[in-house]
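So the sequence lines, in the order shown, correspond to chains A and B. Each step along the first sequence adds one to the number in numbering that gives the first Met the number 0, with nothing skipped, and position 19 is 18. Each step along the second sequence adds one to the number in numbering that gives the first Met the number 0, with nothing skipped, and position 75 is 74.
Hints are computed from structural coordinates only; laboratory data are not their basis. A couple of the hints might just be wrong.
To be verified - Estimated spans, in silico, between C-beta atoms of each pair:
| hint | chain 1 | residue 1 | chain 2 | residue 2 | range |
| --- | --- | --- | --- | --- | --- |
| 1 | B | M95 | A | P107 | 37 to 47 Å |
| 2 | B | K33 | A | L158 | 22 to 32 Å |
| 3 | B | R225 | A | D78 | 33 to 43 Å |
The beta-carbon is built from N, C-alpha and C at its ideal position, and this holds for glycine as well.
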Amino acid sequence: MRPARDQGPVSTSGGPTDDTGGRVVLAQSEIARALRRIAHEILEGNKGSQDLVLMGIPTRGAPLAHRLATALHEVEGVDIPVGTLDITMYRDDLRSQPVRAMERSQVPDGGVDGKVVVLVDDVLYSGRTVRAALDSLADLGRPRAVRLAVLVDRGHRELPIRADYVGKNLPTAQAERVSVRLTETDGVDEVVISTPEVEAR
Amino acid sequence: MKHLLSIADLSREEILEILDTAVSMHEVQHRDVKKLPTLRGRTIINFFFEDSTRTRSSFELAGKWLSADTINLTGKGTSVSKGESLRDTVKTIDAMGVDMMIIRHMASGAPAQIARWTRCSIVNAGDGMHEHPSQALLDAYTMRQRLGDLEGRHVALVGDLTHSRVFRSNVLCLQKLGAKVTLVAPATLMPAGIGAWSAHDGLEISHDLDAVLPAVDAVMMLRVQRERMSGGFFPTAREYAVTYGLTKDRLALLPDHAVICHPGPMNRGLEISGDAADAAQSLVLDQVSAGVAVRMSILYHLLAGESSGAQSGEGSAA
Numbered sequence: 000m001r002p003a004r005d006q007g008p009v010s011t012s013g014g015p016t017d018d019t020g021g022r023v024v025l026a027q028s029e030i031a032r033a034l035r036r037i038a039h040e041i042l043e044g045n046k047g048s049q050d051l052v053l054m055g056i057p058t059r060g061a062p063l064a065h066r067l068a069t070a071l072h073e074v075e076g077v078d079i080p081v082g083t084l085d086i087t088m089y090r091d092d093l094r095s096q097p098v099r100a101m102e103r104s105q106v107p108d109g110g111v112d113g114k115v116v117v118l119v120d121d122v123l124y125s126g127r128t129v130r131a132a133l134d135s136l137a138d139l140g141r142p143r144a145v146r147l148a149v150l151v152d153r154g155h156r157e158l159p160i161r162a163d164y165v166g167k168n169l170p171t172a173q174a175e176r177v178s179v180r181l182t183e184t185d186g187v188d189e190v191v192i193s194t195p196e197v198e199a200r
Numbered sequence: 000m001k002h003l004l005s006i007a008d009l010s011r012e013e014i015l016e017i018l019d020t021a022v023s024m025h026e027v028q029h030r031d032v033k034k035l036p037t038l039r040g041r042t043i044i045n046f047f048f049e050d051s052t053r054t055r056s057s058f059e060l061a062g063k064w065l066s067a068d069t070i071n072l073t074g075k076g077t078s079v080s081k082g083e084s085l086r087d088t089v090k091t092i093d094a095m096g097v098d099m100m101i102i103r104h105m106a107s108g109a110p111a112q113i114a115r116w117t118r119c120s121i122v123n124a125g126d127g128m129h130e131h132p133s134q135a136l137l138d139a140y141t142m143r144q145r146l147g148d149l150e151g152r153h154v155a156l157v158g159d160l161t162h163s164r165v166f167r168s169n170v171l172c173l174q175k176l177g178a179k180v181t182l183v184a185p186a187t188l189m190p191a192g193i194g195a196w197s198a199h200d201g202l203e204i205s206h207d208l209d210a211v212l213p214a215v216d217a218v219m220m221l222r223v224q225r226e227r228m229s230g231g232f233f234p235t236a237r238e239y240a241v242t243y244g245l246t247k248d249r250l251a252l253l254p255d256h257a258v259i260c261h262p263g264p265m266n267r268g269l270e271i272s273g274d275a276a277d278a279a280q281s282l283v284l285d286q287v288s289a290g291v292a293v294r295m296s297i298l299y300h301l302l303a304g305e306s307s308g309a310q311s312g313e314g315s316a317a
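This is chain B alone, in the form it adopts within the complex:
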């Protein structure tokens, strides 16, 4: 494994290996000395063209706790803002001899394109409305920690599916782990062509959150991405919250063992109420904590072994 661009590139066995290793990595977070020498001498650049709190800091911590040297770059502070092309910027950084670039970009497919321009490992930390594979892995890890094996478990993904890269990676990851997935959203926030997709992949689609909640083991509330919305996808925020928000009343519909996830950042009072976000079943902060462990596992799998050796330049992407 050289790059992590999409969950689609991982086999079920590879996903399980990353999740199992993350269990051991998680143990490091509870030590006084949060440091392993594993990636000593490796250099990782966090290249984030979009704002991020948890993903960027969690990748940075993961790299530091594995003893790699980590540098943070944002699109605004680089030569990209002076008009340099993305390709030239990436090749410039590549020429400095870094081992890995962790890319977040507003354009779907940008990390995959960058992987063709460099010899270092590329991790997709979220690209446009495409994928966010490390988030899906940490979500699966968090659910597994609470629910055990996800084979046969039922997970509902609820909310702004159209604009969500988290949802796309999660569907792929959960299905590879044998979970049943139900998508819940208003018709306006269902991705185009989802009907054909669901027929092929066995996804269930619903517009009735109240009917779905009593049957799930986990419910993942997705953020309403108003910054990506150019038109009116729902009449009012109030109406959305009443129809698709995880309100206090709706909380009572969940089975006792069911867990609540949210990839963050949360719009409290819109897709998730304060009561649900802070409920005992809420794993929101567990997801954040797991994020570092899972990303340590990802960095370890991509950079530690012999197979991670540098390959020659252009066109070398897997």
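The following block holds chain A by itself, in its conformation from the complex:
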């Protein structure tokens, strides 16, 4: 199991804390509520569920995409195709990092041509992951439109990219760290903000 993706170093004051001293900004019920709201917004923005495809970005975007599909099914009563989109090979920092293990991309049976693809990720930070995802998606087909849904938008964009659907906007300092933990990958549902000093204690 991969560690929670490092979303860069977040001020911590007040609120419940997790085991490592970080501040819990979204608990299980709030994550579920945010995803239900995003599901409604997706249906509203798309004027229904026609041609929708959800593509989760590993690691935590993948389970989030499946949860969104479940929420969409509960609201609309239809099954939305879900896939995963590994972006390892499209990263712009491959040369400055050790070789990374690849995950698998999985395109739903109907493909992505002419579809409205909703990219799903846990945290939106610099925007570089989304850029890589857009490149990767372009190699798989030509969607009619691409939307972006994220559980947390913490700011500090380095590219002109913004999310269409956001679970929670979380203004952070660059020195702070945002960790999204999900039951499927980490055994617990929570979003935690911490500072390196708090983590060291």
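Let chain A serve as the given structure and place chain B on it in line with the hints.
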């Protein structure tokens, strides 16, 4: 990892990482756009001093699908044929700033020697009667795709072992993955000193193919390399085919789940019959297809990360 010279240089974990990444790379082969931007701006030279169809084209495709610039050179068309030494030729190419040389050479150890002369990554694409590591990795990948984990599986390597570099790399690779290996060949085609080797590494040796086949999960038929044979290693081709060829009758001895591999090119009617080559259990074409994916994975592991940065010249080989 900077070079791929021998399977002996890889740990079990490194082998598994290459094979696991190849699974993801294989998916690219089924796309309309067979291209990843991973090695954009990198240059790879395929330097082949011996003839090759599948290895050279598969390395070239692997490089192109990862967006590297690839160039093919053969010994005949280079300054080597004018009398320039291999060292000078290699250092000339190195000075052009290439990132990787993929070397096939008739002399065992040539890629390892070249690695000492250059700062770029070297891949051994077959050296004399020594090793062919990328072939062993793709063979393991293909068997894994069909049989699952190779731990405890039984693989027979059959045929011209003496002249085979594929066999040497395969033994090392299969043993690191926990498979049991049995070598089957006439005494004349068993490598010298194999007795000591088998005692040390737990290899089994047999001269009776019929006795081995019912117990294997995979059988790898090796090409009879007549171009390397200076003397008579067996009386007639007909006799070899009857005794050590995977004939139609012998096919029936294999367990139902067992698979047939051959690194190619095949001598149909000699080491493998047409019936066996085209049988449902035959993975010969799967091996070819897997070859590109595994070589993409190899190029990725050698060239993509920070550790692949250029090192200084002479004597820098790992």
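Check each numbered hint against the structure and report the violated ones by number, ascending. 3
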